[in-house]
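Number of protein chains: 2
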Amino acid sequence: MPAVFYLAEIEKALGSFDPLPLIEEGFVAYSRGQVVVPPVGEMIFEDPPGDVHIKYGYIKSDDWYVIKIASGFYDNPKAGLPSGDGLMLLFSQKTGLLDSVFLERGHLTNVRTAAAGAVAAKYLAPGKIRRVGVLGAGVQGRMQLDYLRKVREFEEAVVWGTGEEELEAYRRDMEGRGFTVRTTLDAEEVAASSAVIVTCTPSTRPLLRADWIRPGTHITAVGSDTSEKQELDPAILAKADRVVVDSLSQSELRGEVFKAVRAGAIGRERLVELGRVIAEERLRRASDEEITVADLTGVAVQDIQICKAVRLHLP
Amino acid sequence: MPAVFYLAEIEKALGSFDPLPLIEEGFVAYSRGQVVVPPVGEMIFEDPPGDVHIKYGYIKSDDWYVIKIASGFYDNPKAGLPSGDGLMLLFSQKTGLLDSVFLERGHLTNVRTAAAGAVAAKYLAPGKIRRVGVLGAGVQGRMQLDYLRKVREFEEAVVWGTGEEELEAYRRDMEGRGFTVRTTLDAEEVAASSAVIVTCTPSTRPLLRADWIRPGTHITAVGSDTSEKQELDPAILAKADRVVVDSLSQSELRGEVFKAVRAGAIGRERLVELGRVIAEERLRRASDEEITVADLTGVAVQDIQICKAVRLHLP
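Chains A and B supply the protein sequences, listed in that same order.
Numbering of the first sequence is given in the numbering used here, commencing with residue 1 and proceeding in unit increments.
Numbering of the second sequence is given in the numbering used here, commencing with residue 316 and proceeding in unit increments.
Think of the hints as simulated: they come from the structure by calculation, not from any bench.
None of the hints are false.
Under the rule of at most 27 Å between Cα atoms (straight-line distance), these lysine-lysine pairs were calculated in the BS3-like manner:
(1) A/308 with A/150
(2) B/437 with B/623
(3) A/94 with B/393
(4) A/122 with A/229
(5) B/327 with B/623
(6) A/122 with A/150
(7) A/94 with B/544
(8) B/409 with A/229
(9) A/78 with B/375
(10) A/308 with A/60
(11) B/327 with B/465
(12) A/78 with B/409
(13) B/393 with A/60
(14) B/437 with B/465
(15) B/327 with B/437
(16) A/122 with A/12
(17) A/60 with A/94
(18) A/94 with A/308
These numbers come from a predicted model, not from an experiment.
Throw the hints in and build the complete structure from the sequences for me.
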């Protein structure tokens, strides 16, 4: 009989282990060609507008395969409903039998995305950080700080958002979790004061300009996961000493790299996959003066790894 | 909170209604172009051998969409496990939210397949039937009789299988359900005595020859759902007065029609979709002398309809 796990149990399990090592292993396996990730399944609805994505795959010679279904219906909040929903399914690669259903409502996607941000910072951010900048005062803007804290110490977060109200809510929340938070409506202020910047907005226009970015800065761009979304000026990627992507193949179709290559700002020969950066020390930040950019569009191997890890920590 | 339904509840709900009308409506909507069925998602494993299919879709302007995951791992029985597993997921087309998880272990696929066989016979089989022939003494060979009984009366079933033991088990089972059953190891005997023949084997070579088929016979071919599987001699389709398919597009890639067209036995201009046969009386059997063939490869709209129907009949 398959096990069915609800969000409260999943959250409890997540509190009992550090997902970063398994996420790192996943990226390494992916960059070594050991992960099978078939094309994403998709349904697009118009009235009301919504999209559904089915992501699935497996690590070769592993025991499991994972199927994730995630939806975004952007009129839902008008009816008091969350815009996103999601579940993950864990199956045996040896028998095909369904092992567990994770009714995670999108939370595991948020966690694996935040964990990937922390992994990128672990290998690319400068060693000493005073301030971390966050663009986007939503759920992911909160979780990125939570997970970044696992890999770097920092004194203060400088958070940019589009409204005083959401910024104030963010500050209250995060101070309750032990962070010192400064808020701003001016993205340049984030760039001027932060050694690490994480962008996690649904923007379709650049929010950061290249001439704002100081030497030594690391930027992780998390928000753009389609061909439309964009948070960084392509000139930032041109100026960067290292441009890292979670998936070379996905960067051909979506994310900051897609935009920058199309704009002629960078060539694809400059790109390195995160899994290789994790595995090879020479591909990581080499000095405190380098500018580094990690463009994360989200890969099914993260879903596989977070799902397996949670399963291991559930009754 | 999504509802989770287990097999016992699903079976109970199935006992409380007749799925045929909803399956018919589904085929009609499909043939009218009102159903969106994206390409099937697939993972193929080699050691041990197994395949996983993700079928999904929705009827336009309906309230729901459905995602089905079904697997076949053919070494499982050696370990005392069922070779197939499956679940269906029902979501709202208006919010994207997951409504219900059906942990149906493949049973709903069996039901919707058997119901489709009954629908094909309802519109294509001769009015009076004495004997029904079944090729394949497995689960589907049992269920086809159960559902056929909803649309036609008949005196006896003549069942072909590959071993005495499975045939004896079949006979015992089905006599317990009120059928009169004759078993045979000779497929010609089935053809010689039956006005309706249902084939439901995983065969990859023709089991029935064209010169065995008598005028007035209706054949529903259920077993072949890939480009490899085949149960009927292509000459049977050439000899038939009507060749009906559940899906014109799927028949380009799989099933008896795929084999017969590739062999040059029939042209695609002869094909008619089941949904049109249901909707238009002139496309149904016109006399007791016609030979008719229905080639069913299984369409996602059946999954959508059975899932919705079961949901309606659950608490």
